[in-house]
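J.: What follows is each chain in one-letter form.
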Amino acid sequence: DAGVTQSPTHLIKTRGQQVTLRCSPKSGHDTVSWYQQALGQGPQFIFQYYEEEERQRGNFPDRFSGHQFPNYSSELNVNALLLGDSALYLCASRGDFNTGELFFGEGSRLTVL
Amino acid sequence: AQSVSQHNHHVILSEAASLELGCNYSYGGTVNLFWYVQYPGQHLQLLLKYFSGDPLVKGIKGFEAEFIKSKFSFNLRKPSVQWSDTAEYFCAVSRSGGYQKVTFGTGTKLQVIP
Numbered sequence: 001d002a003g004v005t006q007s008p009t010h011l012i013k014t015r016g017q018q019v020t021l022r023c024s025p026k027s028g029h030d031t032v033s034w035y036q037q038a039l040g041q042g043p044q045f046i047f048q049y050y051e052e053e054e055r056q057r058g059n060f061p062d063r064f065s066g067h068q069f070p071n072y073s074s075e076l077n078v079n080a081l082l083l084g085d086s087a088l089y090l091c092a093s094r095g096d097f098n099t100g101e102l103f104f105g106e107g108s109r110l111t112v113l
Numbered sequence: 114a115q116s117v118s119q120h121n122h123h124v125i126l127s128e129a130a131s132l133e134l135g136c137n138y139s140y141g142g143t144v145n146l147f148w149y150v151q152y153p154g155q156h157l158q159l160l161l162k163y164f165s166g167d168p169l170v171k172g173i174k175g176f177e178a179e180f181i182k183s184k185f186s187f188n189l190r191k192p193s194v195q196w197s198d199t200a201e202y203f204c205a206v207s208r209s210g211g212y213q214k215v216t217f218g219t220g221t222k223l224q225v226i227p
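Protein chains in written order, with my numbering: chain A, 1 to 113; chain B, 114 to 227.
Excised from the complex, chain B in its bound form:
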């Protein structure tokens, strides 16, 4: 069964600092990878996704993630965070093909201090 590990549970950064959130998954086959974000008081929404092709994917609001197959990792990055990036971030994985279930990590709470 697939699983996802997010090692940072709570991250506090000052505005303009760079961000990198770690995500590792365990599944030996072909996978689809996602980052979802939940802003305070809002529902979960997709930040970015990787299916195939270029392992560096760009999402909304200046976020990007890099898929490193040899490390089973899909880390999320942003060069300069803003106060509005304060949210909880979830990494997720599904097997490729068909309507596969999506497995989520435990989430990382990001707090950006003005």
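With the rest of the complex left out, here is chain A:
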């Protein structure tokens, strides 16, 4: 049973560029959340997707956008990259309405130069 998989694991971009990160949820899970984890900080909620729609959003600018596909996989897009966007981006999935337990991937480490 595959867990949450994310790609790429590491990437380097320059300021102003755009990046797309990908996530496949754990088998049987239909909800995907994205988090940003800066060095020394806890994960910060970006947004959550369910039934291909953004259901909740954290305090992130519109440069951060996402998408969920019919197979429940998801993408996180960040436009006009800033140095401050350098962080570990985590994808988490859950499939149980009641437990709320999140299953995390290994993350995508983004460095913006």
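In short, the hints are calculated from the structure, not lab data. Backbone N, C-alpha and C fix where the C-beta goes; we use that ideal spot for every residue, glycine too. This list has only true hints and no planted wrong ones.
Taking CB as the label site, the calculated pair distances span:
#1 A:Glu52 x B:Gln155: 28 to 34 Å
#2 B:Phe164 x A:Asn71: 26 to 32 Å
#3 B:Ile125 x A:Pro70: 46 to 52 Å
Subject to a maximum C-alpha distance of 20 Å in a straight line, what follows is the list of computed EDC-like cross-link-like pairs (lysine to aspartate or glutamate):
#4 B:Lys174 x A:Glu101
#5 B:Lys214 x A:Glu52
#6 B:Lys222 x A:Glu106
#7 A:Lys26 x A:Glu52
#8 B:Lys214 x A:Asp96
#9 B:Lys191 x B:Glu177
#10 B:Lys171 x B:Glu201
#11 B:Lys191 x B:Glu179
#12 B:Lys214 x A:Asp62
#13 A:Lys26 x A:Glu51
#14 B:Lys214 x A:Asp30
#15 B:Lys191 x B:Glu128
#16 B:Lys214 x A:Glu101
#17 B:Lys171 x B:Asp198
#18 A:Lys26 x A:Glu106
#19 A:Lys26 x A:Glu101
#20 B:Lys222 x B:Asp198
#21 B:Lys214 x A:Glu54
#22 B:Lys191 x B:Glu133
#23 B:Lys174 x B:Glu128
#24 B:Lys162 x A:Glu101
#25 B:Lys174 x B:Glu201
#26 B:Lys162 x B:Glu177
#27 B:Lys191 x B:Glu201
#28 B:Lys222 x B:Glu128
#29 B:Lys162 x A:Asp96
#30 B:Lys222 x B:Glu133
#31 B:Lys214 x A:Glu75
#32 B:Lys214 x A:Glu53
#33 B:Lys214 x A:Glu51
#34 B:Lys174 x B:Glu133
#35 B:Lys182 x B:Glu133
#36 B:Lys184 x B:Glu133
#37 B:Lys171 x A:Glu101
#38 A:Lys26 x A:Glu75
#39 B:Lys171 x B:Glu133
Go by the hints and put chain B onto chain A.
T.: For chain B alone, coordinates are given in the frame of chain A:
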């Protein structure tokens, strides 16, 4: 909006010492509470959770946490730590009901010295 405070940023203990990590949240309604752990080189994983019922919850590897509603706290405890407990621990909260977002604290790094 809900928030979580973890007051201990870095804790160093010797093996067999007792552990208590503080966690306070701010939200007046019904909440679900979690502790997640991140071992070196691994992804975040659930340690334990509280939804309702007995406020003392037990998790994996001998960890437990107590929900004290009047203090808005959900402290993590372990009577005797092991070197393998070296990790970063995150407290998290979500509102009850539906696919609510989960808000994390800043984390506590625990270092256990053999």
